[in-house]
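Knowing the structure of chain F, use the given hints to seat chain L on it.
Given next are the chains, with one letter for each unit.
Number of protein chains: 2
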Amino acid sequence: MSKVAILGFGVVGSGVAEVLKQNGPHIDEKVHSPVELKYILDVRDFPDSPFAPLIIHDFSIIEQDPEIDIVVETIGGAKIAREFTRRALTAGKSVVTSNKELVAACGYELMELAREHGVSYLYEASVGGGIPIIRPLKQCLAANEITEICGILNGTTNYILTRMIRAGLSFDAALKEAQQNGYAEADPTADVEGHDACRKICILASLAFGIHIYPEQVPTQGIRGVSLADVAYADSCGRKIKLLGRAIRSTDGKIRAYVAPHLVNGEDPLAGVEDVFNAITVRGNAIGDVMFYGRGAGKLPTASAVVADVMDAARNKDRPKYLDWGPGGENVTLSPEDVISPWYVRAESPAEALRSALGEVTVLARAGAPAGEAAVLTGAMTGRELETRLSRISVHAAFRVLED
Amino acid sequence: MSKVAILGFGVVGSGVAEVLKQNGPHIDEKVHSPVELKYILDVRDFPDSPFAPLIIHDFSIIEQDPEIDIVVETIGGAKIAREFTRRALTAGKSVVTSNKELVAACGYELMELAREHGVSYLYEASVGGGIPIIRPLKQCLAANEITEICGILNGTTNYILTRMIRAGLSFDAALKEAQQNGYAEADPTADVEGHDACRKICILASLAFGIHIYPEQVPTQGIRGVSLADVAYADSCGRKIKLLGRAIRSTDGKIRAYVAPHLVNGEDPLAGVEDVFNAITVRGNAIGDVMFYGRGAGKLPTASAVVADVMDAARNKDRPKYLDWGPGGENVTLSPEDVISPWYVRAESPAEALRSALGEVTVLARAGAPAGEAAVLTGAMTGRELETRLSRISVHAAFRVLED
Numbered sequence: 001m002s003k004v005a006i007l008g009f010g011v012v013g014s015g016v017a018e019v020l021k022q023n024g025p026h027i028d029e030k031v032h033s034p035v036e037l038k039y040i041l042d043v044r045d046f047p048d049s050p051f052a053p054l055i056i057h058d059f060s061i062i063e064q065d066p067e068i069d070i071v072v073e074t075i076g077g078a079k080i081a082r083e084f085t086r087r088a089l090t091a092g093k094s095v096v097t098s099n100k101e102l103v104a105a106c107g108y109e110l111m112e113l114a115r116e117h118g119v120s121y122l123y124e125a126s127v128g129g130g131i132p133i134i135r136p137l138k139q140c141l142a143a144n145e146i147t148e149i150c151g152i153l154n155g156t157t158n159y160i161l162t163r164m165i166r167a168g169l170s171f172d173a174a175l176k177e178a179q180q181n182g183y184a185e186a187d188p189t190a191d192v193e194g195h196d197a198c199r200k201i202c203i204l205a206s207l208a209f210g211i212h213i214y215p216e217q218v219p220t221q222g223i224r225g226v227s228l229a230d231v232a233y234a235d236s237c238g239r240k241i242k243l244l245g246r247a248i249r250s251t252d253g254k255i256r257a258y259v260a261p262h263l264v265n266g267e268d269p270l271a272g273v274e275d276v277f278n279a280i281t282v283r284g285n286a287i288g289d290v291m292f293y294g295r296g297a298g299k300l301p302t303a304s305a306v307v308a309d310v311m312d313a314a315r316n317k318d319r320p321k322y323l324d325w326g327p328g329g330e331n332v333t334l335s336p337e338d339v340i341s342p343w344y345v346r347a348e349s350p351a352e353a354l355r356s357a358l359g360e361v362t363v364l365a366r367a368g369a370p371a372g373e374a375a376v377l378t379g380a381m382t383g384r385e386l387e388t389r390l391s392r393i394s395v396h397a398a399f400r401v402l403e404d
Numbered sequence: 001m002s003k004v005a006i007l008g009f010g011v012v013g014s015g016v017a018e019v020l021k022q023n024g025p026h027i028d029e030k031v032h033s034p035v036e037l038k039y040i041l042d043v044r045d046f047p048d049s050p051f052a053p054l055i056i057h058d059f060s061i062i063e064q065d066p067e068i069d070i071v072v073e074t075i076g077g078a079k080i081a082r083e084f085t086r087r088a089l090t091a092g093k094s095v096v097t098s099n100k101e102l103v104a105a106c107g108y109e110l111m112e113l114a115r116e117h118g119v120s121y122l123y124e125a126s127v128g129g130g131i132p133i134i135r136p137l138k139q140c141l142a143a144n145e146i147t148e149i150c151g152i153l154n155g156t157t158n159y160i161l162t163r164m165i166r167a168g169l170s171f172d173a174a175l176k177e178a179q180q181n182g183y184a185e186a187d188p189t190a191d192v193e194g195h196d197a198c199r200k201i202c203i204l205a206s207l208a209f210g211i212h213i214y215p216e217q218v219p220t221q222g223i224r225g226v227s228l229a230d231v232a233y234a235d236s237c238g239r240k241i242k243l244l245g246r247a248i249r250s251t252d253g254k255i256r257a258y259v260a261p262h263l264v265n266g267e268d269p270l271a272g273v274e275d276v277f278n279a280i281t282v283r284g285n286a287i288g289d290v291m292f293y294g295r296g297a298g299k300l301p302t303a304s305a306v307v308a309d310v311m312d313a314a315r316n317k318d319r320p321k322y323l324d325w326g327p328g329g330e331n332v333t334l335s336p337e338d339v340i341s342p343w344y345v346r347a348e349s350p351a352e353a354l355r356s357a358l359g360e361v362t363v364l365a366r367a368g369a370p371a372g373e374a375a376v377l378t379g380a381m382t383g384r385e386l387e388t389r390l391s392r393i394s395v396h397a398a399f400r401v402l403e404d
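Sequence lines, in order, name chains F and L.
Position 108 (the first sequence) corresponds to 108 in the working numbering; numbering is contiguous.
Position 65 (the second sequence) corresponds to 65 in the working numbering; numbering is contiguous.
Chain F with its partners taken away, still in its complex shape (with noise of 0.2 Å):
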């Protein structure tokens, strides 16, 4: 028998809540032995929840109950969850959490304390959503050298994108039309400027190349800078526009990662992603290039990767599940500006000059272009180089091309 509490009954931990009861004979049968909800945590009443006779106010409840083998934090944030998360570890309870924050930003310190404390911090919910990655990438793939994983993290953008793609929005339409259909939340800057993107990055490197990666490290970009004008002249040559997350290993075990909006050939399985889906590409030196794809969000996917680790948590808890990393620090990463792709780059200037200024390049074209605009696309070089090439242009907007 195992016993759970979730901590915040929000969207995820609500969908926890009910996955564990919609689902709970199937669960207790693959378990072995049953898991039962007994608390929910959060400052709020819920009078007309199904659940409310779990909810309780008080943490030191849950630290203290012996009964209690199991904590779900979907609190969100990196303050009041980090602090409920040591004390629940340190009271020697699992911790399963979708807080990607949380993870990103202390993963490697509370991985160490579950460790002490001989028991599990699972985190499978913290990136892309339902779709499981974090024990494919330990596990499955154990037998490679991982090179590089990149992908499309972040659900809300890539609908903002494949508006602004398919329908010719705005961005700022294609915004609220997210934000009207619950994609977007109403400050959206997690999303749109990349910061949720590069959360999840910094988990994925972390985990994949065995030392923790912060956010601090990880030089991010978001999608405020896209334009339709970006939109159409990819589409010229055949390409979409996708906020990607990567991070690269060279041979010197350094990482260099970065989250920033590229031109992704219409053939790569990246560009059919769509909407809100996300899908994580993970290179290995035997394996070639695999990719996850599903719904990065939304309650039910998301709750199911929070119980799958609950189920996992309850079967082992007499040899708990190490998912973790090594400590990080200033010298494990290198800049980004160092990795050599093609760039596309829109201007206020002529063809000549940019051409002048950049090399050999390929002059795009767009209907409804106005006088004085150029894009191109250019010949591989660094972030440094084009930006010293550049230096005399005034640049419109400048992302890279992903190679195949």
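Don't take every hint at face value.
Identical chains share a label here; the pair holds if one copy fits it or two copies do between them.
Listed below are the simulated BS3-like cross-link pairs for lysine-lysine, each with C-alpha atoms no more than 30 Å apart in a straight line [said to hold, decoys possible]:
{"no.": "1", "residue 1": "LYS21", "residue 2": "LYS321"}
{"no.": "2", "residue 1": "LYS3", "residue 2": "LYS138"}
{"no.": "3", "residue 1": "LYS38", "residue 2": "LYS317"}
{"no.": "4", "residue 1": "LYS254", "residue 2": "LYS21"}
Hints are computed from structural coordinates only; laboratory data are not their basis.
Leaving out everything else, chain L in the frame of chain F:
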């Protein structure tokens, strides 16, 4: 320390030896203990191979060597492979395999035997080459009631169909090209007739639904009946022809599984899976659709999946992993003829005759269609109903349309 023996030094077996050697330090570090290849069993000698000193010809040396913990079976087929697997498991050795024929035919029997002897029988590499799918199905999707699995499970046929679609090659020309490129065997029957895909959907369905589904229970149609005319008609309505393996769980727990060519909507992620790539879509009641994509075959991808299983067995020596399922039986499956879907029908018939036989249809057109030929998309109906309605029509091809 774990010592390993490989049975069969063919493509996959030699790949396993290479990955174990090439990624050796990385593997030892991840397992926290050395993993050493001790024997390779084959009927042949390989005097020029760097692994020549490990080659032996007598299985009983492996069987009787108490140092051997893990046996890798990459012989293929269900005869000698079954005997050696039984003997290895009985001798208390975990067995790791890439042999889909054996797992599909005898999985339940061998998993039971492994359980009896407290060892693991692992088969990640039997489906999807290097794509992690077995563990994600079992572990990460544990919280879901899985309702359907659908996938492009055979790289050879997908390559042939891709070449027919993209380059306008006939089936025979595309097959020949696949053979020249090493993507199809000299005797392509197992691939082209769908038997390989059938074995894989059996394994996936058995694991997902917990009951052994045998190949004999899965009606299987290959791609020999797909013509360039069908490819052109599919294209005319924005669809692509793909060979799919499907397993659908009905509400009474019975399984309908089959392998057949389908028309897939161009927007469906499965439509974008080209060449020798595989993709497997899993539908769960909480997670929605999740897709796993990658190279479905090939020496190193498959070998890396085998090695991941070897590492798992090495790490869990004292606590074997059971990725198993229950017994099958005659009454666990239902005929897939009852699955309802729209159909694509091409016939020697006026379109009007098809309409009067099939009810409301969408008539398709293609350039160069001979007089007297018609092709249509029907409304949703069972295979039985379609057959009845078409009893007086001279049908060239009838394929299901995969619904979104």
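Verification of the supplied hints:
1. Proximity of LYS21 to LYS321 under the C-alpha cut-off of 30 Å is found in both arrangements, the shortest distances being 25 Å within a copy and 27 Å between copies.
2. Both within a single protomer and between protomers do LYS3 and LYS138 lie at most 30 Å apart by alpha-carbon distance, with minima of 27 Å and 22 Å respectively.
3. In this homomeric assembly, LYS38 and LYS317 come within 30 Å of each other (Cα to Cα) only inside a single copy, at 17 Å, whereas the closest approach across copies is 35 Å.
4. With identical chains, the CA atoms of LYS254 and LYS21 are at most 30 Å apart between copies only, with a shortest distance of 24 Å across copies and 45 Å within one.
Checked against the numbered hints given earlier, the structure satisfies every one of them.
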